[in-house]
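Residue numbers (this note's numbering), protein chains in the order written: chain S, 1 to 221; chain H, 1 to 340.
There is no bait here: all hints are sound.
Here are the simulated DSSO-like cross-link-like pairs (lysine-lysine), alpha carbons at most 27 Å apart as the crow flies: (1) 221/S / 270/H; (2) 54/H / 189/S; (3) 189/S / 50/H; (4) 268/H / 221/S; (5) 252/H / 268/H; (6) 304/H / 252/H; (7) 268/H / 307/H.
Covered stretches of chain H (in silico footprint by chain S; criterion: 3 or more residues with CB under 8 Å from a CB of chain S, positions within the stretch not fixed): (8) 31 to 38; (9) 51 to 61; (10) 70 to 76; (11) 110 to 116; (12) 164 to 177; (13) 323 to 335.
Hints in this document: simulated from the structure, not taken from any laboratory.
Computed from a predicted model, the values in this text were never measured in an experiment.
Virtual Cβ for every residue (Gly too), placed ideally from N, Cα, C.
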Amino acid sequence: MSDDYKLESTGGVVVIADLGIRLKPNEAAWVSRGDMQASECLRALVRLEKVRVSSGARSRVSKDPIKKRMPTAVLRTRPNSRGVPASPATPKTGLSAEEAQVMADRAAKAAAEKAVAAVTAQFQQMLATASLQPAAPQPNIADTVAQAVTQALQSVSVPIAAQRPSSDIEDLIAGGPDEPLFIPTGIVKDTSESLSVSSESSTSGGLDDAANALKALRKSK
Amino acid sequence: MSAKKKTSAPLGVGLDIGTMNIVSARRQEDGSVETSRVRDAFLDLDQSAKRMLKLSGVNYIDHGDDGIIVVGDAAMEMANVFGREARRPLSQGLISAGEMDALDVLGVMIKNVLGDPAEEGEACYFSVPASPVDADRDVVYHEGVFSRIVSECGFTAYPSNEAMAIVYAETAADGFSGLGISFGSGMCNLALAVSGVEGLCFSVARGGDWIDAGAAKATGSTQSRICALKEKGIDLMNPQSREEEALALYYKSLISYCIDQTMREFVKIKDRFSLPRPIPIVVSGGTSLAGNFVEFFTEVFETKRKKFPFEVSEIRHASDPLNAVARGLLIQAMQEHDED
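Take these sequences, add in the hints, and give me the full structure.
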């Protein structure tokens, strides 16, 4: 970092007598740190805000890169007197497309057989280990398969979608759409007490008419 | 139970299961309609009260060491004697799962109100409220319990919407078109039908009990006192005391709420349900027995008529507000035995 300080006049022409500097507007002068600290005239002028002092350190911020003008249109080749430009020649491998397909299929089949053999071996080994430990809890089949596949195909991760905590399963049973509704039987006892019930008779008051009208309405439908 | 009783009276029974009353309706041989009613309340007492109940001639259910249970109107009277609150098997129009005490009581009450079936498997239409739009309540258990009770009484049980029963009972002259509103104790049920076809059915979890509780809270009184005042008779258009003014305010709020909910629910069906002509609104239920209820309802309705989504020809009271639901259910039950 540079020790120079930049001096600028805030107004008109300023003379810093003890440094022998004459500052004009829009001009700058550079002084060393020692000169700046030694100059009483400069300190007085700074106090009077006649001179502005700023650090001489260069800015570390890089300038914006020069903006390149983007093309306004894409230039395309077009037929000219020499005809349509030829596309770049494809590298020759010595194989036809059909041959490449056959090779890919063969490689995929071999890889699949290898993966199945590895998974089967891992699975059988895990089951054998589990059967040798009678006190151990029953292995979860989903977990076992997932572990076998994971170990056989190291880089492959298998999401265990079927694994759910038991409480969730209980929730499913309790809150499903076919939730059973318990309604006890034997609510009405044969030996029920007789209560005093207030009864009154009234004329049918159009009840027959309403019943007939409803019957006719239902018949018409 | 005598299952093979012969009678010349038309078969079929209507059963209105409400929070305050259980009412049955049945045709008699002379063509009249007999309605039987029991108060939907009970009171559990110690064995020590047995002697007093015997002396006063009150019927009770003896549960041995578990005490005794007084059921119906007597429960309300005994509750006053013992300074207790009578218990209700239903809350806000519905029975709650787990209320095992209430089940036995309901079994006794319904058996007594229904009586024996005139023949094995006689049709019994019983009322079921619609699902409330403003509360998370399940009507499936309610319907299942009462189907079981009615079946165990020897009837063939048919659940039917409470408010639609009002439409069947009161709008035959209008071609079974109308908006039936049952202002009950626990809730209000509403059903809109055209030519007997149900277009809209819902309930709100507010009713007479909500009015009592609100007015009691507003006036620093008790709910039972407000209820007694209400049942004694109150003129909604001319309240005479501070309590009556509070009651009128809550009545107005309930009516306004029901109208608003109807407007809201109708929006959901307006594209698939047409109303070719103006239809009547029929109000019913125990809460509608207050003086000048229909005039009061009309006054509130008129403030909302412009926004109401369909034209209303008239607003009228059911011919028998306490028994209209049971009668509407009876009309439907009679159809089951119609041989034509």
